[in-house]
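Q: Chain by chain, the residues run as shown.
Number of protein chains: 2
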Amino acid sequence: MRRKPNPDQRRRELCDTAIRLLADDGVKGVSHLKVDRKAGVPDGTTSFYFRTRSALLQAVAVRVSELDLKDLIAATRAQTPAGLTADEPSGLATLVMRTATGARLIRTKARYELALQAGRDPLLDEALRSYGDRFRALIVDVVLRLQDKPDRALADRQAYVVMMFISGVMQAFASGDRSIRSAAELDALISGIVAGVGSSFALR
Amino acid sequence: MRRKPNPDQRRRELCDTAIRLLADDGVKGVSHLKVDRKAGVPDGTTSFYFRTRSALLQAVAVRVSELDLKDLIAATRAQTPAGLTADEPSGLATLVMRTATGARLIRTKARYELALQAGRDPLLDEALRSYGDRFRALIVDVVLRLQDKPDRALADRQAYVVMMFISGVMQAFASGDRSIRSAAELDALISGIVAGVGSSFALR
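From first to last, the protein sequence lines stand for chains A and B. Under full-length UniProt numbering, think of the first position of the first sequence as 1, with each following residue one higher. Under full-length UniProt numbering, think of the first position of the second sequence as 1, with each following residue one higher.
Please keep in mind that the hints were generated in silico from the structure rather than gathered at the bench. Among the clues, some could well be false.
Any copy will do: because identical chains look the same in the list, a pair fits if it lies in one copy or spans two.
As the list claims (entries may be wrong) - Derived DSBU-like pairs: lysine-lysine, alpha-carbon spacing no greater than 35 Å straight-line:
{"#": "1", "residue 1": "Lys34", "residue 2": "Lys4"}
{"#": "2", "residue 1": "Lys149", "residue 2": "Lys34"}
{"#": "3", "residue 1": "Lys70", "residue 2": "Lys28"}
{"#": "4", "residue 1": "Lys38", "residue 2": "Lys28"}
{"#": "5", "residue 1": "Lys4", "residue 2": "Lys149"}
{"#": "6", "residue 1": "Lys70", "residue 2": "Lys4"}
{"#": "7", "residue 1": "Lys28", "residue 2": "Lys149"}
{"#": "8", "residue 1": "Lys38", "residue 2": "Lys70"}
{"#": "9", "residue 1": "Lys70", "residue 2": "Lys34"}
{"#": "10", "residue 1": "Lys149", "residue 2": "Lys38"}
Computed from a predicted structure; not experimentally measured.
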């Protein structure tokens, strides 16, 4: 028998169980009792830690976002800009490719379930949205390193386009699409997008 | 009292009701009985036309895809390439902007619910996937018109990136994001993406 976990650890474990349920069965697959049973804890445990279903989903959104943020910070820190200029694929592209398999694919699917549910739950929406700016800031840093001449306003726009593209790719991954075969290929596309959006707006 | 509709018309009406339920309440909001009640038809009508829940969702996927395809054909036919070269926004950009409001937003939300559910339902996945190639072909045509020198292999790749970007934007619209304010702005981004991916791969 493992020792009884502390409350923070227990909350994280219950959220991780809910992430798997979300990925497998969608929002309808998540209830306090289903999390209890899947986690192998006594009935009532999940509702002790998270009083309402919305509170549970908000906690799951925070857990997913914190894990994603940790991944993205690690992937974009102290990293060569890559793409057209480096021999190794960028940390960003490598990370996006990893969202197509294993535990990260489960998290990707859970994230899209939460995003759709957020349209019906303002508090869940707020929980997800509070991380949006932090993700965007990290992508802006990546884009700034790809620019020849740093331009912050342009980088914001380029980062938005890169984020929408990556979001579409991850959504396609979650649906089984495998059109992009390597991080190097993805890097080339990201570099192309950044350069193209740069030229397009420089012309205006 | 309206006259009793013919079977095809009845099927379409039930699918349209299911689209609204999907958008409002997600996949869990769709059952034969809920569609009956929401459509104001006698209990059992929906299960008479669609025996299983999967059959109902497949029919809804076909309905959503047919409506989207009709919109996309109208938007991309006999249309100037637009973006950097035309004064009017392109049909494609205008259509994407329209997915952010009204009946098309309802359909956008329903489409993402179906896409997630498709990961758990191979027949639903097949129903959605069968339209993928037709959407892609229309976007390839748009991209070919943006190329200086027609290059089909390159157009396939550019079209993929444009589709992933548009998918990300529509998903963001469905979550309430309104970062892109006009079809002209969207056109500039699409043109930039096409040009940038073109240059990026020409360099390799």
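Q: Confirm or reject each hint.
A: Against the structure, the hints:
Only within a single protomer do lysine 34 and lysine 4 lie at most 35 Å apart by alpha-carbon distance; the minimum there is 20 Å, versus 44 Å between protomers. Taking identical chains as interchangeable, the C-alpha atoms of lysine 149 and lysine 34 are never at most 35 Å apart, the minima being 53 Å within one chain and 57 Å between chains. Taking identical chains as interchangeable, the C-alpha atoms of lysine 70 and lysine 28 lie at most 35 Å apart whether they share a chain (28 Å) or sit on different chains (32 Å). For the identical chains of this complex, lysine 38 and lysine 28 are neighbours both inside a copy (15 Å) and across copies (20 Å), given an alpha-carbon limit of 35 Å.
Taking the shortest alpha-carbon separations for lysine 4 and lysine 149, neither the intra-copy value of 55 Å nor the inter-copy value of 67 Å comes in at or below 35 Å. Within a single copy, lysine 70 and lysine 4 get their C-alpha atoms as close as 26 Å, which meets the 35 Å cut-off; across copies the closest is 58 Å, which misses it. Proximity of lysine 28 and lysine 149 under a CA criterion of 35 Å is satisfied in neither setting, with 49 Å inside one chain copy and 50 Å between copies. Taking the shortest Cα distances, lysine 38 and lysine 70 sit within 35 Å of each other inside one copy (26 Å), while across copies they are farther apart (44 Å).
Proximity of lysine 70 to lysine 34 under the C-alpha cut-off of 35 Å is restricted to the intra-copy arrangement: shortest distance 28 Å within a copy versus 42 Å between copies. Within a single copy, lysine 149 and lysine 38 get their C-alpha atoms no closer than 52 Å, and across copies no closer than 57 Å, so neither meets the 35 Å cut-off.
Hint check: violations occur at hints 2, 5, 7 and 10; the rest are consistent with the structure.
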